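Got chain A; can you put chain B on it based on the hints?
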Amino acid sequence: MQTESRFSRLDPLTKTIFIAVAISIMTYKGTLNYALYVYAFSLALVLLSKLCLSRLLKIYLAFSPFIIGLSWFNAYIASITAVPNPIEVGFMVAARILSLINFSVYFSLTTDPDDLVLSLIHNVRIPYQYAYALSIAYLILVKLLNYYVEVLHSLKGRLAIRWDFEALKLIIPLTASMLAYVSSYVDALSASMEARGFGLGDRSYWRVVKFSKADTTASALALAVATMVMLW
Amino acid sequence: MRSRLERLLEANLEVKNEQLSIEVCSGEVVGLYGPLGAGKSSILRSLAGLTSYKGSVSLLGRELRTYRRIELVKLVGFISENPSTQFVANRVGDEVAFTLENLGLKPGEIKLKVSEALKMVGLEGFEDRRIDELSWGQRHRVALASIFVAKPKILLVDDLFVYLDPPTRHVFSEVLRRYASEGASAVVASGRREFLKFVDRVVELRPMEKELKAQVKIAKPIAPCRLEASNLFFSYEKDQPVLKGASLSINPGEILAVMGRNGSGKTTLGKLMAKVLKPKAGSIRLSEAKAKLAYISQNPDSQFIGKTPLEDIKASLKKHFDEHLALEVLGSLGIEAFAREKVYGLDIGVKKLSLIASMLALSPSIAVIDEPTSGLDDFYVDHLSSVVKELSKSGMALAILTHDLYFAKVSDRVVVLRNGVVSFEGAPQEVEERLF
Numbered sequence: 075m076q077t078e079s080r081f082s083r084l085d086p087l088t089k090t091i092f093i094a095v096a097i098s099i100m101t102y103k104g105t106l107n108y109a110l111y112v113y114a115f116s117l118a119l120v121l122l123s124k125l126c127l128s129r130l131l132k133i134y135l136a137f138s139p140f141i142i143g144l145s146w147f148n149a150y151i152a153s154i155t156a157v158p159n160p161i162e163v164g165f166m167v168a169a170r171i172l173s174l175i176n177f178s179v180y181f182s183l184t185t186d187p188d189d190l191v192l193s194l195i196h197n198v199r200i201p202y203q204y205a206y207a208l209s210i211a212y213l214i215l216v217k218l219l220n221y222y223v224e225v226l227h228s229l230k231g232r233l234a235i236r237w238d239f240e241a242l243k244l245i246i247p248l249t250a251s252m253l254a255y256v257s258s259y260v261d262a263l264s265a266s267m268e269a270r271g272f273g274l275g276d277r278s279y280w281r282v283v284k285f286s287k288a289d290t291t292a293s294a295l296a297l298a299v300a301t302m303v304m305l306w
Numbered sequence: 034m035r036s037r038l039e040r041l042l043e044a045n046l047e048v049k050n051e052q053l054s055i056e057v058c059s060g061e062v063v064g065l066y067g068p069l070g071a072g073k074s075s076i077l078r079s080l081a082g083l084t085s086y087k088g089s090v091s092l093l094g095r096e097l098r099t100y101r102r103i104e105l106v107k108l109v110g111f112i113s114e115n116p117s118t119q120f121v122a123n124r125v126g127d128e129v130a131f132t133l134e135n136l137g138l139k140p141g142e143i144k145l146k147v148s149e150a151l152k153m154v155g156l157e158g159f160e161d162r163r164i165d166e167l168s169w170g171q172r173h174r175v176a177l178a179s180i181f182v183a184k185p186k187i188l189l190v191d192d193l194f195v196y197l198d199p200p201t202r203h204v205f206s207e208v209l210r211r212y213a214s215e216g217a218s219a220v221v222a223s224g225r226r227e228f229l230k231f232v233d234r235v236v237e238l239r240p241m242e243k244e245l246k247a248q249v250k251i252a253k254p255i256a257p258c259r260l261e262a263s264n265l266f267f268s269y270e271k272d273q274p275v276l277k278g279a280s281l282s283i284n285p286g287e288i289l290a291v292m293g294r295n296g297s298g299k300t301t302l303g304k305l306m307a308k309v310l311k312p313k314a315g316s317i318r319l320s321e322a323k324a325k326l327a328y329i330s331q332n333p334d335s336q337f338i339g340k341t342p343l344e345d346i347k348a349s350l351k352k353h354f355d356e357h358l359a360l361e362v363l364g365s366l367g368i369e370a371f372a373r374e375k376v377y378g379l380d381i382g383v384k385k386l387s388l389i390a391s392m393l394a395l396s397p398s399i400a401v402i403d404e405p406t407s408g409l410d411d412f413y414v415d416h417l418s419s420v421v422k423e424l425s426k427s428g429m430a431l432a433i434l435t436h437d438l439y440f441a442k443v444s445d446r447v448v449v450l451r452n453g454v455v456s457f458e459g460a461p462q463e464v465e466e467r468l469f
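Protein chains in written order, with this note's numbering: chain A, 75 to 306; chain B, 34 to 469.
In isolation and in its complexed conformation, chain A is listed as follows (with noise of 0.2 Å):
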């Protein structure tokens, strides 16, 4: 779902070093509080650019037993190794996990795939290839997904399953039918793709899509701020 604001509109490549450089100064500086902060800053994101938040606490709520149980267990290991503050070991992974959520509904709910693909064409210089190679993985990643949830349906309708979690029961065919899937969807697209002359040479492109002065502007102070955190 995309949504406009001035947040929303930045160029990927400027989104890809916020969160590069969020998570950097994360990793980097390993303690609850820098891990709070930079959580602060990744929902300052998802709510500036207007997304919305009954669906981020909706994924939050999906991830949920990942992100207790992966706390936990760290909380846990810290505490069976003798690590000051395990609990606060505890909070700081919960604050990194939910700090990527929230840059993963970020990005993906912000970000047009075709503004990806020029970006990565015309800022990162990616050959054409490889930007498009890209976002297709990601139109077949969504495509999947979907299909999935249609499987769950069909093998519902044939009384197979009650509820989805019993689908793991079934692993092997419902694996079996997305691979079918993948199959015959790649051959179609791979089809299409040559007949409409794809990888024939030098390509021109209709629209490009440029670093606007906002995108230089956060950029630079996003790595400015980096930079300051990590030399402190």
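For the record, the hints were derived by calculation from the structure and aren't laboratory data. Computed from a predicted model, the values in this text were never measured in an experiment. Glycine is no exception: its CB is placed at the ideal position from the N, C-alpha and C atoms. Careful, some of the hints might be misleading.
Claimed, not checked - Simulated pairs of lysine to aspartate or glutamate, DMTMM-like, Cα-Cα distance not exceeding 20 Å: (1) A:K284 - B:E134; (2) B:K347 - A:E240; (3) B:K184 - A:E268; (4) B:K313 - A:E224; (5) B:K311 - A:D238; (6) A:K284 - B:D161; (7) B:K311 - A:E78; (8) A:K124 - B:D272; (9) A:K132 - B:D272; (10) A:K124 - B:E134; (11) B:K139 - A:D188; (12) B:K325 - A:D238; (13) B:K313 - A:D238; (14) B:K352 - A:E268; (15) A:K217 - B:E157; (16) A:K217 - B:D165; (17) B:K271 - A:E240; (18) B:K139 - A:D289; (19) B:K308 - A:E268; (20) B:K351 - A:E240; (21) B:K311 - A:E240.
Stated by the list, open to error - Short derived list, chain B residues pointing at chain A, Cβ under 7 Å: (22) T118; (23) G137; (24) Y328.
Just chain B, lined up with the frame of chain A:
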């Protein structure tokens, strides 16, 4: 008359050990008719230069093999059977511009041609719209525009019409005719004769098989059940309701066709009827509380749990499996010969019948079958019609979700879904003029 026209394509191909000759002149729309597995897609891909072939293909008097890829892109356009699998971009403009960008045209020229192509398919000004926000019919038009934009001399259209609702099909045939009248040509492949009514002439690959006699075998007697759905509401996304108070009923032994345009909510309604999804509001009442409900997806690959049709039935019945009975069920549907074949290698028609066999093994009181004819040829459509009639005689209620007017004639009653509600209810004969 044809001698005065420019001969664009002449092919003499060996397809599955049979010889095929096809000649296409400018201004013509030619149909390629044949059963499933006859090689229609392979022929079109060969003519587009996408796969190798046995024989000779002459394009504008020159052997196809001698063309460079870039030359072929300008001369031949290819549309796959399901255009939604051919989209590379997210925005309409980017998708339509894709071919021209690959050909290295200047941005100004591309903009002009994109705008022209969109106008031709009735989507003027749609450049910045996102494809996933468009209706199914509009998406198909985007696919067509993305091929038209390069103005190929020959347009090759794979078995696409079977996935389109009648109004979209009508628009497509009109656009293809208009395109051909401007000096180009089109070859349209289909396994359904009625979808080729608009073409100038038909090349038949090989004759359809004769209809099989269906004498459906049910594993256990059907417990009759009536379903009554009242005032159903459903939405996948907030503020985007798919159903806005749809109501219908189905009686034991009745065949009910649920019709509507692509994207009208037929599948959602079917899933609610089969209790695969829960309505946001409204109710579904069954006269027998413990009645079994089954839903057969339009994409059979999403529903198999066994490696072969026989194993698929076994996976349904588990400890109650009886191989002899399962083979009888498969035999009654005319697919016993495929009982031990790998399901993913079968024709889509056999796959659909195999899933019906797995469903029969469960003896459901009500079966919802989603787009049963999508991807099928005339032989399977007729066979499926007789299977459905036989099933209803056993007392099973069948809800057929379809946009196929021909197949809907098998039903006892039709309801039409429009804007999230049932807008029409009546006999199949009345539906055509009221449907869209």
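Which hints from the list above does the structure break, by number from lowest to highest? Checked against the structure, the hints that fail are numbers 7, 10, 14, 15, 17, 18, 19, while the rest are satisfied.
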